[in-house]
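Going line by line, the protein sequences match chains C and W. For the first sequence, my numbering assigns the number 1 to the initial residue and increments by one for each residue that follows. For the second sequence, my numbering assigns the number 1 to the initial residue and increments by one for each residue that follows.
Every clue listed holds true.
Interface residues of chain W toward chain C, partial, derived using beta-carbon atoms under 10 Å:
| # | residue |
| --- | --- |
| 1 | PRO82 |
| 2 | GLY137 |
| 3 | ALA160 |
| 4 | ARG170 |
| 5 | PHE210 |
| 6 | GLN218 |
Rather than coming from a laboratory, the hints here were simulated on the basis of the structure. Just so it is clear, the structure is predicted and the values come from calculations on it, not from any experiment. Cβ atoms here follow ideal geometry from the backbone N, Cα and C, with glycine treated the same way.
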Amino acid sequence: MTKGRITLRGEAETRALGRAISRAAQGGLAICLYGEMGAGKTTLCQGFIEDRTGIAFAASPTFTLLAAYPGEIYHLDLYRLESTDLQEFGIEEVLAPDAVLLIEWPERAGAALPEDRLEIRLAPDEDGRSADLSARGLRAQEALGRLRWPQ
Amino acid sequence: MICLGIESSCDETAAAVVTDDGQVLSSVVASQIDLHEAFGGVVPEVAARRHLERLSPTVELALREAGTAPGDLGLVAVTRGPGLAGALMVGLSYAKAYAFARDLPLVGVNHVVAHAYAAFLGAPLRYPVLALIASGGHTVLLRLDSARSVEVLGRSRDDAAGEAFDKVARSLGLGYPGGPQIERLAREGDPKREPLPGVRPIGDTLDFSFSGLKTAAQQRMQAGGQAADIAAAFQESVLAQLLSRTRLAIERTGASRLVFAGGVSANGFLRERLAQDLRGVGVELQVPPFEYSTDNAAMIARLGLALYAAGETSPLDLGAEPVIHPFKP
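Please model the entire structure based on the sequences and the hints provided.
This is how it looks when you write it as structure tokens:
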């Protein structure tokens, strides 16, 4: 299941999409963010985290690899890893079943990504940035069905 | 009093022996950087296993180099966070067992705050302290009225300064860690040929932002810019931001000294230019010796001693605080 291409004009809209996804997502969902450096992955995560926690400027977890927020929200950045699987990452130890995962650089996790996942591909285009959303698995499909965009 | 400090939060396994007047009797850092070069970064499980293998010999070496018998120790200080959970647990478990077995008091310390105390190794500790900590994981401005009274004046709103250095280094085709490589390359470049945007103040806050700068540098590289010019312009732009925020913090707090610490403070260009600029406004820049600007255990011991002197000890069921968000001391 996919949603058409969304155009994001500027950082504020990228952040707003993060907020909209927060409202559509429920526990147990993994949200994988693909895109080059500077594509807006962290900005989208900041919008999500702000909507859930009120923390406006979640720090990039590139060095710390993992940041946990109230409400079982985990922000992961696998950028520093050449390749790993999430078992080796020790992910199971920190995850509650109702946790929401925001995963930047998910391609570094190889085949070990959660099966039920919402994939967001961010790329620059002539109008700013574009986001392609696709769902794999039931929770992700439900989330995509609930997503209200444009708000 | 003599303190054994233990650090295992991220890339380094480290142990140090420090006296309560800040003299470093020994500081041993078993670097994992070779390992990370092979993997292109930290691998959490590999890092934790490596800490486990290295910690005991590292502590033994630190005690031997210091000429300190375990019976001479009066305190054990250990990093409790922030960092990787598995890695932190290695240091914490070791420190707790060591303190328990020898009936020594234990103090858990915050790794980021400890970076500021690196400036007080071999130098007197005087409060209040205004500190700019810039490393791979954190960029914060702190004000300390005592070891137990730490206020966060500003923080990065996205990437840490050291993270921006590493990511820009990757864009420029340089290796890990990126900081020293950018500094070296920047000497051959002209910062005016590929000027990068400055970062405007964020409201009236003392917050930082490095993500846009990182992206701009990457775009210049893709547009065919010379790596050396981009490296030079990037450093200028980081400097401009560090300067504008610290100058404002100095104005607001009336501080006469600024501590600049964390891995990014090992950058000689930033050190010299910050010192030069602050001298102009009558403020003294206090930086740790190079070997203590990156992760080490001497700074952990120095903060541990300061906390202990202020009446703080930690229980033996002290837990790790792998992530502290938003950053809290």
